[in-house]
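Model the full structure from these sequences, guided by the hints.
Protein chains in written order, with our numbering: chain A, 1 to 188; chain B, 189 to 376; chain C, 377 to 755; chain D, 756 to 1134; chain E, 1135 to 1199; chain F, 1200 to 1264; chain G, 1265 to 1538; chain H, 1539 to 1812.
A couple of the hints might just be wrong.
[To be verified] Keeping only pairs whose Cα atoms sit at most 20 angstroms apart, straight-line, the calculated DMTMM-like set for lysine to aspartate or glutamate is:
| no. | chain 1 | residue 1 | chain 2 | residue 2 |
| --- | --- | --- | --- | --- |
| 1 | B | K312 | B | E350 |
| 2 | D | K1101 | C | D718 |
| 3 | E | K1198 | G | E1271 |
Hints are computed from structural coordinates only; laboratory data are not their basis. Note that the structure is a prediction, hence the values are computed from the model and not measured.
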Amino acid sequence: MSTVEIRLGGSGGQGLILAGIILAEAAILDGKISVQSQSYGPEARGGSSKAEVIISDGYITYPKVLRPDILLTLAFSAYSCYKKDVKENGMIIVDESIILPEEQSSVKVIQFPIIKTAQEVIGKSFVANIVSLGVLAELTKLVTKDSLEKAVLNRVPPGTEEINRKALLEGYNLVKMRGSEVWQRQMI
Amino acid sequence: MSTVEIRLGGSGGQGLILAGIILAEAAILDGKISVQSQSYGPEARGGSSKAEVIISDGYITYPKVLRPDILLTLAFSAYSCYKKDVKENGMIIVDESIILPEEQSSVKVIQFPIIKTAQEVIGKSFVANIVSLGVLAELTKLVTKDSLEKAVLNRVPPGTEEINRKALLEGYNLVKMRGSEVWQRQMI
Amino acid sequence: MMATRLMQGNEAVVEGAIAAGLKFYAGYPITPSTEIAELCAEKLPFVGGKFIQMEDEIASMAAVIGASLTGLKAMTATSGPGFSLKQENIGFAAIAEVPCVIADVQRRGPSTGMPTSPAQGDVMQSRWGTHGDHSIIVLSPSSVKEAYYVTIQAFNLSEKYRTPVIILMDEVIGHLREAVNLEEYKDIEIIERTMPQDKENYLPYQHIENGVAPLAPFGKGFRFHVTGLVHNEDGLPTNDPKVAEKLIERLVGKIENNKRDIVMFEEKYTEGGDVLIISFGSSARACEAAIENLKKEGIQAGLFRPIAIWPFPDERLKEIYPKFKKVFVVEMNTGQLYYEVDRIVKGDTYVGKINKFNGEFFTPCEIAEKIKESFKNGI
Amino acid sequence: MMATRLMQGNEAVVEGAIAAGLKFYAGYPITPSTEIAELCAEKLPFVGGKFIQMEDEIASMAAVIGASLTGLKAMTATSGPGFSLKQENIGFAAIAEVPCVIADVQRRGPSTGMPTSPAQGDVMQSRWGTHGDHSIIVLSPSSVKEAYYVTIQAFNLSEKYRTPVIILMDEVIGHLREAVNLEEYKDIEIIERTMPQDKENYLPYQHIENGVAPLAPFGKGFRFHVTGLVHNEDGLPTNDPKVAEKLIERLVGKIENNKRDIVMFEEKYTEGGDVLIISFGSSARACEAAIENLKKEGIQAGLFRPIAIWPFPDERLKEIYPKFKKVFVVEMNTGQLYYEVDRIVKGDTYVGKINKFNGEFFTPCEIAEKIKESFKNGI
Amino acid sequence: MVKNKELVIIEEWCKGCGICVEFCPVKVLEIKNDKVRLIDADKCIKCGICELRCPDFAIYLEVKE
Amino acid sequence: MVKNKELVIIEEWCKGCGICVEFCPVKVLEIKNDKVRLIDADKCIKCGICELRCPDFAIYLEVKE
Amino acid sequence: MASELVEKYFRKETLPNIWCPGCSNGTVTAAIVRAIDNLGLDKDKVCIVSGIGCSSRASGYLDFNTLHTTHGRAIAFATGIKFANPELTVIVITGDGDNAAIGGNHFIHACRRNIDLTVVMYNNHIYGMTGGQYSPTTPRFDRATTAPYGNIDRYFDICKLAIGAGATYVARSTAYHVQQLTKLIEKGISHKGFSFIEALSTCPTYYGRRNKKGSPADMLKWLKDHTVDIKQASKMTAEELNGKFIIGEFLNVEEPEYVEEYEKMIENLRVNYK
Amino acid sequence: MASELVEKYFRKETLPNIWCPGCSNGTVTAAIVRAIDNLGLDKDKVCIVSGIGCSSRASGYLDFNTLHTTHGRAIAFATGIKFANPELTVIVITGDGDNAAIGGNHFIHACRRNIDLTVVMYNNHIYGMTGGQYSPTTPRFDRATTAPYGNIDRYFDICKLAIGAGATYVARSTAYHVQQLTKLIEKGISHKGFSFIEALSTCPTYYGRRNKKGSPADMLKWLKDHTVDIKQASKMTAEELNGKFIIGEFLNVEEPEYVEEYEKMIENLRVNYK
Ligand SMILES: Cc1ncc(C[n+]2csc(CCOP(=O)(O)OP(=O)(O)O)c2C)c(N)n1
Ligand SMILES: Cc1ncc(C[n+]2csc(CCOP(=O)(O)OP(=O)(O)O)c2C)c(N)n1
Ligand code: SF4
Ligand code: SF4
Ligand code: SF4
Ligand code: SF4
Ligand code: SF4
Ligand code: SF4
Ligand SMILES: [Mg+2]
Ligand SMILES: [Mg+2]
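Next up, the structure:
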C-alpha cells in the first residue's frame, strides 16, 4: 500500500484550504482513499494556515499528517514553520517570491512563480491556490488531470469556472516548461 | 435509652410546625437530644401539614418519625390520615371540635377543647398551637415548663409574648382540670 | 451528485440527520460544531425542514424539544460550554421522553479552554451532566462515514426509545474530510416513533416494561400533558411514591435493559494478546496505527472500540479482556471512560490509562511508546 | 444566644458559612435550598456582608465568582435544576481557580421531578457536571451539626486550594432541625487565601506542584488577568500545548494528589463483619439504624461514610472492605456512588446496591430487609 | 332568563376564600366550615358576579331544566 | 508644535489594513509587503489622523527629543 | 365560570387545583379559557405552554395540547412548537419570576423575533411557588422572604420592556378586570405576531400576608383602586398617576411575523434555486 | 494611539493583538482607554470585565484588573465585583452576540437594577469569533453563514431595549466617530448608575466580506455616511432617517443606584435594629 502525505501552507486568505479539499476530492474521484484536514484556531485569523491531505490506495488509519512527503507553501512564514517536518527525500514546492535561506537538506526544494502567474497571467491573485494544484498535479501525478478538473469545478464559486480551469492549465504549464526536473513517485 | 416520637398534625396555617420547633427546642434546653422535621410540598399549600419531633436522652440515629408515640391533631383530616401510624399503646390528643368515628384501638385517644380555648379564653385562634403545647407538656412531662416557656418566648413574634405565655398556661390548665386522665411516660 | 462524496465530519452529521428525517434544527454557534448549524441553515429549506438560530443554547434545546413534540425529528449541535448550558433541558427531554438528538463536538475544556483544539473531555458529562437519575444514549464516531452512520442511528434510537441521544464527536472528526459512500447506507432502516391509535384512551406515558409508549404529535387530536414533574401514565403530575418509582425505573430501564439492542462497538485482533486497547472517537484511529507499530516490535495488541459509549458495552468487554495480559484506556482527557473500564475489569488484570489533554491530537507513536514502556517496567 | 441551638440544616449552612467568613451571597430561590438564601438576606447585613438575588442561577454563580475575585468569601445555594444551570460557570471557577462554595440541596429529579422530595441524584453530576477535565471537592453532611462543620471546611478547602467546593446536601438534612453546639466549633481554624507580596512579579497562576499560587483581590494593585481560556502563569491566554498540559495537570492534581488532606469520612464497626455498608448524607443515618436492627438478627454490619464524597476516600476503603464478606452501597438514587465503590472494590467481594428513588426517605427497616434477603439468597 | 337559573356550589372545589361573599351585591353568601354557603336563595339576584369572581369555578349559575 | 513631532511606525504591529492610507489627507502613506510605509516624510502634515484611526496602535506621532 | 366551559376546557379530574384559597391564578386562567372560547378555536389546535411557578401549573388543568416546561423557558419551547407547526395557536402561561427573572432573555427575543405567540404573564409580584421571595416586579420597599428589610430593586415594567424589545402587541389588565382581560387576551391571540398580555394578579398567601394586604377580596379591590385605564390616563397628570398601574392596550402594530417570513424565504428559494 | 497611552494602559507583551487587519475592535478599545485617561482614574481601581467574542478579547490586552468571563455573562460577573467592592470602577466590554443574544437577560436586569457599571457593546452586526453567523443586530436581509439566503430576523435596537429595561444612561456612537465615542464613554463612566454605550464597529473579515462592504476603510466611511447625530435627527423626517443609525446621547437620568441603596438599607438597619 502506498500513501502520500501532503501539506499546503500559506497565510490566511490564500485559499489553500480549498486547494486541499479539491486535491482530496480529486483523489477520491480517481478511486483512491483520501482524507483532508486543516488548522483551525487563531492561526486562521490572519496568520498562517495549513491544509493537509493524505492520499492512499488503502484505508487511512491515522488521519493527520505528521511528516509530509510534500510541502507546498506560498508564504515564507509557512515555509520556515513547516519545512522541518518534511520526510527525508520529500519535496518542498515554494513560491518563487520567497527568498530561501541557504541550507543543506536531503529534501528537494523547487520554486515556481505561482503567485506571479496568478496575478500576471490570469490576472487574479486569488487563483494562486488553483495554480498551485496544477503545479502539484503535473509534478507528482498524484491525481489525474480529469479528476482534478472535475474537483475544481465542483468546488469553486459559480461564475469562476473558466478562470479556474485556466489557472489549472497554467499550473501544469509551469511544470512542463521545466520538464527535466519532474519528480515522480510511483503509486504501487 | 428512652426515645419519644411525637407527630403534630393539622391544616396549613395552624402553626403546628412552629409548635414542633418550640417543643424540640424546649427538649434541648432540658439537656435532651431532639430533632424536628416537617412535611413539605403541596400539602403545605392549604392542605394538611405535619410536624414531627423526636426527643431522646441519647443520640438520635434515624431522624424521622415512622411510628409516633404521640399524635396531636387539630384537624380531622390529619387525624384520619395519621392515626394508623401511632404505636400500640401510644396516645392521640385531638381537638374537641373533631367528631371521632367509633373505632376499636389499643391507642388511647384524648380530646381537649384546644381551639375553643384559644378562641374564647385567649381570644386569638392563632395561639391554638401554643395551647396544644401546654396540653402536651402537662400531659406527658416530656419537657419542663421552664424550658417550654423559654422556647416559646424565643420563637414567637415580638409583641405576642404575653398572650402566648397565657396560652401555655391555659394548655396546662386544660389537663390539670382533668387530672385523673393523665397519661405518663417515664423517661428512663 | 456522486455516491461517494468528500465530506467533513460535521457535514456528515447533517447529511446523516437529513437522511434520518431531520426536519428541525435549532442552535447557537460554537466552535468546533458551527458547521453543523451552517449546513442545516443551508440545506434544511430544500428538504422541507426548518432552521432557527436561537438566542442561546438553553433556548435551542428548548425549541428542539418543542418541535419534536409537534412530530418533527429535531436536533441541535454544540460544544462544551453550550453542552453545559443544555443540560437542564436535556434532563427535561429525558423525563418527558421526547426524542431528540444533540451533537457535542468536543474541544479542550474546562470552560472556554482551547476552543479550536481537540479533546474528549465530555465523556462523563454526556452521561451525568444533568441533575437527577436518568439514563442516556451516547454515540461516538471514529470517522466521517461513521459520523454519517451514527447520526442516522442516533435518530433511530431516539425515536425508538423516546429519549435524547447524544452524538459525542471530537474536533478531529468534526473537521476531518473523508469520503462517504452514500450508496452503502441507502437501505439503512429509518425508524419513526410509533403513533398511537386510540384518541380516547391515549396514555402518553403508559408503563411498558423496558419499552416506551407511542408519542402523539401536538395538534393531532390527542391533547395530552407533558411535564418535567414526576407524572402519571396520563402525563399529569403526581407525588405518589409508587408512580415515581415506576417512572424512574422505566426511564433508566428502557435504556439499561435494552443494552443489547443499543450497544455498538468495533473490535480488532481481540482473539487475545499482550494488551487490549480501549479507545473511541478519533483517538481510536491513533490507536489503530499504534497497534501496527507495536506489532512490529512483537507486541500483540487488540482494540476494543465502543461506538455507543453509553450504555457501555460491558458484556462484550467482559468476554474479551481476560484474553489479554493488560488493558489500556486511551483517550484525549485526563481519564474518564477509564473509570467505567476499571470498574468492569475485575480480577488481576491491570487497567492503565494513556491520556493526552494538551489540545493536540494523539500521535500513534506516543501511544505505542507508553505501552512499550509499561512492558519494560513490568506492569 | 445560647451555645446549643436548634437549627435547620439549611440554617446550619448559613451559620457555618458566616463563621467561616462568608461576606457575599448571590442566589436564585429554589426548593429545598431557599432557606439558605432567605437567611443570608436576613443575616449578612449584620456581619458586614452582602446579599443579592440575581435574575437566575447562571448570574448567581457569575456574581459569586466576581465577588470572590474582589477578595470576599462568597457562596451560592441551589437545587438540581439550578445546579445544572450553574455548571458552565462552575467550570470557569475551576479553571480560573476562584474560591467559592456552592450548596446543592438535592431533590428528586431528573428535571423538575419532585421539588420537595428528598433524593441523592446529583452525586455524579457534582463530580462531572461541567464540560472538560477538572477535579472538584464535594462534601456531603449527614446531620445538621455536620452541615455546620462541613460548610466551614468547604470554605477552608476552597480558599486553600483555590477551587469551587460543593456542599451536596439532601432535602432531609436541609430541612431537618437538630441541635448544634457552637461551642464545639469555636476553635476551628478558619483558612484565608494567601495574599501575594510582590506586586511587580506576581504570577496569579504560578505553577506550584500540587499546590496553588496566592490570589490577590482585584483593586489592590496587582492588576492581573483572569480567563476561562487555557492560560499562562501570568493568566494570559495561550495555545501552547505544554502550558495547557501543565495547567490541566495542576488543576486535577491539586485535588487528586492532596486527597489525604481533603478526604473526610466516618466509620463504625469497621473492624470486620458480614457486610460493609457504604452510605452518605441522610441515607447514612437510616443505615446506622439498620445496622442496629441487623445486629439483633446476628448480622454484623459496618458503616463507611464518606463525608467528602469527591475525591472519594478510596485508600481507606481499600483497607476496610477486605474485612467484610460483601459490600452494599446505599443511596437515594438509582446507584451513583455505587459506580465508584464498584470500581475500587476489586477481587471477589460482592458489591451490591440498595436504592430508593421514589421521593421518600429510606426507612431503616427496608435497608435491613434487603441485606437480610441477600444473605438468604446466598449472595 | 334570570329566573330559570340556579346557583350551584361545588363544595369539593370551594376553598372558602370569601371572594364571592365579599363581592356578592346582595350579601347572600357566607363561609361556614371553610366552604361557601348560600344563606337565602330567594334574595339571590342571579347576577353572576360570584361566578365571575370565583377563582375555583366552585360557584356558578346553571340553567334549570 | 507640529514641527517637533515625528511619525513613528511599529512595523511589527501593523497589519496592513490600509485604513491610515485611505484616511491620510495628503496621501503620503502606502502599503508595501502588507505593511504601511511613509512615502514622503516631508509632505506629512502631522495631522494625527493616521494615529487616531489605526486600530492597531501601529502608527503615531511622537515628540522629537 | 360556567360549568359548560369548565366541562369543555378543563381536565376535570385534576380539579380542585393546588392553588391557595383566593389565589387569582384561577381567575386569570378562566379569562384565557373564555378568550379561547369566544374565538371559537379548535381545542386540538391550541397549545398551552407554561414555565414553572404556581401560575404555570395552569397548563396541567387545561384540556389542550399542554406543555409544562422548565423554569423560564416556556417561550423558547413555544417557539419550537410554533415554528415547527404554524397551524397551532400557541399560548404561553408564565409568571413574573418565570418570564421577567430567569426567562427574560427568551422573552425579549420572542418580542424582537415577532413570532406569533401569545404570552400571558400572571404578575402576582412575588415568587409564589417557592414561598414568597421577591421578583423583578415586587414593588420597591415591599417585603419578601429574601427582602426582609424591604426590597431595594427597581420595579420592572414588563410592558415597557416588551415595547423596548420590539413586541407588536402589548397590553395590561388585572384579575379584577376579568372582562377586559378576556378581551385583551382575545385580541392578543388574534394578533399576527408576538403578543404580550400582563395580568396583574394576587398571591394572598405570600405577597399578601407579608405585606398586610388583607383578604383575597381586599387584594382584588386594591387592584381596582390602583389601576387607571389608558384612555383616562392620557388625561391625568404624572402626579395623579403616581402609584397607579395603567391598564389597557399599549401597542398594536403590524410587523413581519417570523414564521411567515421564513415561509416567504422558502418560497423565494423554490422560485430561484430550483 | 499615542505611545504613552499604549505604554501606560496596555499589556505590551500581548501586542499585536489577534484581531484581523482593519477590525475596529482596536479603535473602540482605544476610545475606552482614552476615556479612562481623560478621567484620570487610578489603574488599580479600574476593573474591565468582558464576555466571549473577538471584542471581548480586549480585556486581556489592557493593564487593569481584567476578567474574561464566559459567553454572555460578563455583566453578571461585573455585578458581583461592583457590589462586593463599590470603590472599583467597573467597565464591561461585550459584543452584539455576547450582550444582545446569550447575555440579554443579564443586560436587561442590570439596566433595571441600575447598578453602577459602564457597558460598552462593540456592535459589528455579526458573530465574529465563531466565523460570521448572524447576530441579533445583523440587518435584515444581510447574509451570514447561518443566514445563507438573507437574514429574516428583525433588527434588535439595543439602545431602545436598554431604555425599555430602565437604564439611566444610554448612548450610541461608532468606530468612525472616535472622539464622540470617547466622550460618551467618559460620560457613561462618570454617570452614577448603569450606563450603556453602543459602539457601532466593523468586522471586515466576516460581515464585510460576505456582504460586500469593501475594505476596512470603506466600512468606516459607511459608518460615517449612515449615521445622524441625535440633534440633527430631531429635525429630520422619518423618511430621511430611514436606513440611518442615530448617534449621540439618548438618555441620561438620575435614579437610585443599586449599591448605594443597599448601603442605605444597611445604614438603616444599623440605626433601627441595633
Ligand atoms: C432553574 C430553576 N430555578 C429555580 C426554580 C425554582 N422556582 C420554581 S417557581 C419559581 C418562581 C416562581 O415565580 P413566578 O414565575 O412569579 O410564579 P408564581 O409562583 O408566582 O406564579 C422558582 C424560583 C426552578 N424550578 N428551576
Ligand atoms: C456558551 C457559549 N456559547 C457559544 C460560544 C461560542 N461563541 C464564542 S464568541 C461567540 C459570538 C461572538 O459574537 P459577538 O459577541 O458579537 O462578538 P464578536 O466576536 O463579534 O466581537 C460565540 C457564539 C461560547 N464560547 N460559549
Ligand atoms: S349570583 Fe349574584 S346575587 Fe347571587 S349569590 Fe352570586 S353574586 Fe350573589
Ligand atoms: S369564591 Fe369560590 S372558592 Fe372562594 S369562597 Fe366563593 S365559591 Fe368558594
Ligand atoms: S499624520 Fe496625517 S498627514 Fe501624516 S501620515 Fe498621518 S494622516 Fe497622513
Ligand atoms: S491603520 Fe495601522 S494597521 Fe492599518 S495599515 Fe495603517 S498602520 Fe498598519
Ligand atoms: S402561593 Fe400565592 S401564587 Fe401560589 S397558589 Fe398560593 S396564593 Fe397563589
Ligand atoms: S473576525 Fe471580525 S470582529 Fe473578529 S477580529 Fe476579525 S474582523 Fe474583527
Ligand atoms: Mg409570581
Ligand atoms: Mg459581534
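Hint-by-hint comparison with the structure:
Annotation: proposed proximity of K312 of chain B to E350 of chain B holds, straight-line Cα distance about 12 angstroms (limit 20 angstroms). For the suggested pair K1101 of chain D and D718 of chain C, the alpha carbons sit about 10 angstroms apart, so the restraint of at most 20 angstroms is met. For the given pair, K1198 of chain E sits about 17 angstroms from E1271 of chain G by alpha-carbon distance, which is consistent with the 20 angstroms threshold.
In terms of the numbered hints stated before, the structure departs from none.
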